[in-house]
Every structure is written in C-alpha cells, then in structure tokens.
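**Q** So the sequences go chain by chain: W and D. Our numbering numbers the first residue of the first sequence as -6 and each following residue consecutively. Our numbering numbers the first residue of the second sequence as -6 and each following residue consecutively.
It is worth saying that the hints were derived from the structure and are not from the lab. Keep in mind that the hints are not guaranteed to be accurate.
The list treats identical chains as one, so a pair stands whether inside a single copy or across any two.
Calculated pairs, EDC-like style, for lysine to aspartate or glutamate (alpha carbon to alpha carbon, straight line, at most 16 Å) [what the hints assert, rightly or not]: (1) Lys338 to Glu306; (2) Lys53 to Glu177; (3) Lys403 to Asp196; (4) Lys43 to Glu209; (5) Lys338 to Asp137; (6) Lys94 to Glu112; (7) Lys445 to Asp49; (8) Lys322 to Glu364; (9) Lys338 to Glu23; (10) Lys305 to Glu54; (11) Lys305 to Asp336; (12) Lys246 to Asp313.
None of these values were measured; they are calculated from a predicted model.
2 protein chains.
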Amino acid sequence: MAKELDFLTKRSEDYSKWYNELVVKADLAEQSDVRGCMVIKPYGYAIWEKMQRVLDDMFKETGVQNAYFPLLIPKSFLSKEAEHVEGFAKECAVVTHYRLKAKEDKSGVVVDPAARLEEELIIRPTSETIIWNTFRNWIQSYRDLPLLVNQWCNVMRWEMRTRLFLRTSEFLWQEGHTAHATREEAEQRAQQMLKIYARFAEDYMAVPVVQGVKSETERFAGALDTYTIEAMMQDGKALQSGTSHFLGQNFGKAFEVQFLNKENKAEYAWATSWGVSTRLMGALIMTHSDDNGLVLPPALAPIQVVIIPIGKEAQMPMLDEKAAELGAKLKALGISVKYDNADNKRPGFKFADYELKGVPVRVVLGARDLEKGEVEIMRRDTLEKQNVGLEGLDGYIKNLLEEIQQNIFKKAKDYRDSRIYECDNYEEFKERVKDGGFFLCHWDGTVETEAKIKEDTNATIRCVPFDVEQTPGVDMVSGKPAKYRVLIARSY
Amino acid sequence: MAKELDFLTKRSEDYSKWYNELVVKADLAEQSDVRGCMVIKPYGYAIWEKMQRVLDDMFKETGVQNAYFPLLIPKSFLSKEAEHVEGFAKECAVVTHYRLKAKEDKSGVVVDPAARLEEELIIRPTSETIIWNTFRNWIQSYRDLPLLVNQWCNVMRWEMRTRLFLRTSEFLWQEGHTAHATREEAEQRAQQMLKIYARFAEDYMAVPVVQGVKSETERFAGALDTYTIEAMMQDGKALQSGTSHFLGQNFGKAFEVQFLNKENKAEYAWATSWGVSTRLMGALIMTHSDDNGLVLPPALAPIQVVIIPIGKEAQMPMLDEKAAELGAKLKALGISVKYDNADNKRPGFKFADYELKGVPVRVVLGARDLEKGEVEIMRRDTLEKQNVGLEGLDGYIKNLLEEIQQNIFKKAKDYRDSRIYECDNYEEFKERVKDGGFFLCHWDGTVETEAKIKEDTNATIRCVPFDVEQTPGVDMVSGKPAKYRVLIARSY
C-alpha cells in the first residue's frame, strides 16, 4: 500500500472537509476573490473538457446543434413566464450601469450615475426566456421543427452558501433547448436527453445513477415534468447530477412562439430544456475518491498513465529512452501518458502526488526491474502493485485501463445498491436516514407529506424512479393509500 | 454561372450593407433584443467551433493549458494597473445588486434596494487583473514558471456602435495569459503566439495577414508591446484580427506576483496575454465572400460537400442510394457531407441557398448524368461547373477541396498585394487612402504625426510590419527623418 498522505483529512473523520481539501489539493479548483465564484484550475478544467467533448458528441449524434445566446437578459423577460420568475428572479446578478469613471482625486474608479440603464439586465441564471424570445423569429412552420439547440456557457445564481463545484454563484454548464410540433415529441426528447445523461454518467464517469421524475415541488420553475438522474455519494447523500425538463407550451405561450401545422393552423410550440454543469465534477470526485486522493475513471482522466523512472544518475539516459519507447506505444493506442523525470522531486513524492491526482495507472521504470525485463505497475483504484514484463506491456495497460473503468463502476454500484432500502415505517426511516442511503417509500402524493418529511429529517423526495417495479401500498407518514414508492434521501 | 440572389445587396453598391445582410441571410448571427449583443446561430457557431478546435490544438502543442476564471471582476482590481484602468474601466457592464423582488402589485420584478453589493463587480472586458490576482498564489519559485494558461469565454465591452461579429458588446474569445521568469522568454512567447495566429489565419481561414508591432498609441492598455495581425477586407480596409501583448512586469508588480529565482532572490514575473475573438468570423466573411453569398475555406466549412439529387419521383430511391454510397466514401476521407433530398424545395432554390451558405463543393446527382456514369460538380469559389465520372469521384473531391483552399488564399493574397502601396507624398496619400488599401509610409515616430494622419484621413498606423525591408527616409507629413515605414490604413 502506498503511504497515505497525512495532509488530507480522512473521509471517516469529516467527509465534507475531505472533499473541500481534495478539490484544492488535487489542483482541481479554488475559491476566487469574488464571493462564491471559483477558479477552475488547469487539471480540473482538463477533466471538464473531456466531459464536454463526450457529451457534445452524444448531443450532436441526436441532431442537436450548438449556438450562442446573450449573457444578459432584460429583467422584463423573466416576468413573462409566471412560475419561471418565481424560481429564478430572486438571487441573481443585476447589471444597472454601463460605465465607470475616474474619481475626482484619481484614487480609483466609481460607477458613473449618468450611465444608468433604462431597464436592468440580469446575468442569465438559465436561458429559457432569451432563447424562446429568439425562437419566435426562427419558427414559422412545422417544417422549422424540431429545433434542437444547445449552448455551452457560464450562468450565475447568487448563492449564499457555496462549495466548489457543488454550488457556486457562477458555474459552467450546457443548456439544451428544443422546440417541437407535438407534445409527444417534446416529451420523448426530454426523456431521450435524460437517458444520454445517464449513459454518460455510467459509461464515462462510472457513476451509477437512478433515473426518475421529480415531484411537483422539486420541478424546474416553468416545467410540466422534470426528469433527473440521482447519484449516491460515499456519505449516502444524493447528488442531483443532471435534469431534463418537459416544459409543455409554457414558454411557447409566454413568448408567442407559434407555428403553422400541416393543416395550416397556428399552434404554440412545445418545449424541452436540459442541462448538466460543472457540478458533475463534484459527483465524479465524491463517488470514487479515497483517503489518498482522487480516483479518476480512465475514460475522463487527463493523464491515464504516468511513468516514473527510478535509478542512479548514470542510468537516467537509458530510463528516458525506455520511457520514450513505452510512451510512444501507449500513445499509438490512444492512451494519454505523462513521463515525469523531474530531478527535484523524490519518487515517493511523485507517487503520492499522482495518487492524489487520481492517475489511473502508474508505471515505475526501475533500473533493477528493467534488468529482469520488468516494470512495476500500480493501479490507482485498488492501489495494487504488480511486476509486469515489457513484452506486450502496452496491450496489458490498455486492458488494465478498461478493467479499472469497469471496476470502479461496479464498486460504486455495489456500494450504492447495498444502501438502497425499502422502508415502510416512518420511525425507522427517521432513524436510519441519518446515516444516509436511498429510501424507497410509499408516498400518498401530497405536498403535505413531502413537506413533513423534509421538516422532520431534512430529506427530500429525489424522484419517482423509473426502474422500480411499483406496487400500491400505504404512505408511511400519513397512512393514506399510496400508488407507488418514491426515492427519498438527504442531498447536496 | 448560378443565378445571382437578387435579395443580397451587391458589394459594389454598398459593401457595408452587403456584409450586414450576408451575416443574417447566411444564418450566421443576428441581433438580439439586448442592445449590442448578438445571437450566434447554429451555422455560424459551427464555423466558430471549427476555429476553436484548430486554435486550441495549436495552443496545446506549445504547452498551454485551459482553465477558467470568474466572469465578474471587483471594481478595485481594475485600478491596480494604471494604464489598464484607463483603457478598460470605462464602458463596461456594472453589477450593483444581487437580488430582484416582486413588485407589490405583482406586475413584475424590481431590483431589491436592500441587496446592494458593497463593492460593484464588472463583467470582464478582459481578464488580466483577476488572473494575475490568482497567479500570485500559484507562483512561488522559478520552477512554477512558465505558467501557460488560456481560457475560452465571453467578455463584455459596452460598445455604442455595434456590428455583428466585428464589434459587439458581448463577444466570445480566447485569452491566453502566461507568466515567465525572464523578459526574453515572455517576449518570445508573445511573438510565438502571434505567429500561431498568423499561421491559423493563412492556413485555415485562407486570410493573408501582415504581422507587425503596434505604435505606442495603439497598444493594449498596460502592454509594453502589442503585436498584431492585420488583414485586408475587400473594401481595402484593415481588420485587426488578433493581438499578442508583451506586458513586461506591469501586472506582476500591480498584483505582487513574485518568484524566487535560481539564486533564491525575489523577482516580479513577466507577462504576456493574447487573444482572438468572434471578430475572426468577420474577417473570414469579408475576405472571401461574393455577391452570391459566403465563400468558406474548406478547412473551416461545417458542410464541405452538399449532394443534391435531381430526378423524377420514381428515380429518387436510386438517387438516395447513389448519394449514400458517395456520402460514405467521402466521410471515410474525413469530409463532411450533407445530402439534401428535401422534396419541398426546388433544386434551384437549394443551389442558391448552399451558395449563400458558402458550401465549397456541390454535387448534383442527376438521373440523366448518372446514366452516363457522371455527376455535376460545382466549386463555390469560382462557380465553375464540370461533369465528372463516378470512378474515383471521392478522391477527385478531396483534391478539389484542397485546391479550393489554396485558390481562395491565393486570390485573397493577390488582391491584397495589389493594394499595398509605398507612398512618400502626403497629398497623394490623402487622395488615395479614400479608396482603401495598405500604405507603407515613412514615419518619424511621433504621436503628433500619427494624430494628424488620423484627423485628416481617419486612417491609422496599423503596425510596423515585420516582413518589410526597412530603409530610412523622410516622414511624408512632418518632413522629419524617419527610420522605417509603417503600415497605414483605414480600418474596422
């Protein structure tokens, strides 16, 4: 076992502190001097870029095209959709002026009171309003539909309590917005995008997710249905990792987006929107990582293999050469490799650092092992070390990366599955939910029951899960009849 | 010759109007309802994405890593670098509040006066200040240098007169920021990035550029040297298409970014920054396009080949099949293909539409031509049509795309070179500059001469070009001795 890094808090001591430390120490992100806004550091951003690339390709395969809409939204736009304004016109950054001027004593700059905007502008918290205001001019006939648009951008919601990646005032995301001629097509699209998110989470992030539909209380402001993927973190809490909304004709009506159907009659367009954000970074970190640091799925690791030489100074040219050979072979297989022969850091420091950064495979090129035609391989997920012959080493590593990808998914899924409980007794629920986990409980469908659970336990209905065989029963809180079980958990 | 689209203003009639119409009609971008901010439409954004991908790879090849820094900048940051605040703390969007609340009569939302920020925040016009404020914590030793960071993001400068892509209040760009241990290394980096921009412009955009260094007046606010690439539009005006700045230690000092050098002494870090923006879209459009619409270089065209079938309804299944075969072959060569067999548009409409959109190669699959084993190929740059046999057609098209790429660069370069004039007489200059063109004139190096030229002619010194053999002479305005010639032109 590699030596544990004594400067990282253990998960068992303080999971929350462990997370905060890990994000900073693994060079993923840090707080900026602007309240609630983060700096995403190069190593963290490289993971986000890999996520973006995969998701973007998945979207485009379904016909989605990227575009870009303005950062600023006129205040009045928010008011056009009644529920939407309730949800989003609260904590947001408001632009009121468009000029600064030098102070008279030249000691700095002040806002120029003469440069006040007639109508204040809001930094987008989400872009339904400005996009549907634009769609009005793009949609005339059923032949213009479906319209499938996505943008990668920054958004801002003025959060009071922030945590790196999980909840920040500014964050990066993609927001897809589609317009359709029929209700059925829009509903299908909303579900299709949720399935893409689930596939991405499971196949690339190696994060198992529960797919389902939100209760009315938890819906996106302005949606008729919100679909969600919910992941379980190692502390048993749920992290909502992506949502897809069926918006009905709410925005079509609010922004007068009508089209002529095949019968030449005007109809309002049907809408969806769907998004994932840099919050996914939080899900990735909290699902797999351990007390030594990050554990990254090979599919998203910026560096998949690190090669570290160990030898005397005279042996270094030979080791450099061997490393270059191996590196070239791995790159030819599409594997990203870093060779670290920096002479100002001891191997032990490097080992700990790449463990902290979650590099899936470490190859130690030791002069003595090489004499035997061998290298030492360590896999980050299990920390197991093994000596492997040079012959066919590239193929061995390629297989190992695939095995790690499978293994961390299986590990996360086994962990999660072992903490999903059916529960029919509210007293028992209240006791057990303190330790985390996903609870499948019958719900009578009322807002009252939902509110009581939240008040008593701080847990919420995460979703009505799709993949659970539903049988009617009795609501554990109210004792009233319940048609189905919902997934309840404490959450981020 | 394809029929000219009568709805597009001719360049000879009104170049400016032609441009504005073309951007909208070719579905590249449009004005939004937010003053000065544009919507980049999917077709325009697809070109921008291709630009991003190429540039991003070029940056990364030189060791640059992407990161992300906050959108909002504390007002006081701008004041820390004396020249920088002069240049950027003027027309910018100012966030003063962080909450809206419902009006008492529920008729809308208003800014909550209780939610006023202690210090106003500025939407970044450029990010030197917040990035160097961050670098302070990232840089301790010479071993942390060079630090090579880039971000792709939106920025905002409150422009009074805007034009799509060329000058908009919000625009998309990349901004690279690097920190170095020595002056020499920073200067080299600034020049290296300029060369990358020039290579990108010429090899991918097919836009010939003049590389040079700006006069003091035209420098970036806070820079010791600003390097630039200047392109000539078809009206003979210059378009500054990318800049790279050597910032000296100005930001290192302003934000206290010091490192210990090899001798263990503290020094301020040396800086560069460099950026290109969606303005490149304007350069691309105005360099190549004609009265029929866009002409896109194949290297950046979202659709490189469009296939259009012509035949009777009964022949369509056969044509669909032939198109699928050809499409698959082209895709295997890495060529992007669109097959348009929409039955609600006549072929003539499709021809005009894809010409407007600048698709480099059009293949007409005519039932009659196919009987002879031929298709009709049209190349967008020359509008020439030719019948070509099906045998080896994919290879023929691949070569043709390369030929088009070369040809439009040569055409643009020949045009530009024919409009670069050496001029030694100010009266002659004043007369001729009205018709556009780049003028190489001796300059005495004074701000006075520069100002007089601008006042008299609205032309400015674009740069001291690198690739001109310089001989001393006499300033055409002042009659004083001049060490070199500068490039003078009217500009966008």
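**Q** It remains to establish, for every hint, whether it holds in the given structure.
**A** Here is how each hint holds up against the structure:
| no. | hint | result |
| --- | --- | --- |
| 1 | Lys338 to Glu306 | within (14 Å within a copy, 73 Å between copies) |
| 2 | Lys53 to Glu177 | neither (21 Å within a copy, 45 Å between copies) |
| 3 | Lys403 to Asp196 | within (11 Å within a copy, 47 Å between copies) |
| 4 | Lys43 to Glu209 | neither (34 Å within a copy, 41 Å between copies) |
| 5 | Lys338 to Asp137 | between (60 Å within a copy, 13 Å between copies) |
| 6 | Lys94 to Glu112 | between (21 Å within a copy, 15 Å between copies) |
| 7 | Lys445 to Asp49 | neither (40 Å within a copy, 52 Å between copies) |
| 8 | Lys322 to Glu364 | neither (20 Å within a copy, 50 Å between copies) |
| 9 | Lys338 to Glu23 | neither (24 Å within a copy, 54 Å between copies) |
| 10 | Lys305 to Glu54 | neither (52 Å within a copy, 31 Å between copies) |
| 11 | Lys305 to Asp336 | within (11 Å within a copy, 74 Å between copies) |
| 12 | Lys246 to Asp313 | neither (66 Å within a copy, 39 Å between copies) |
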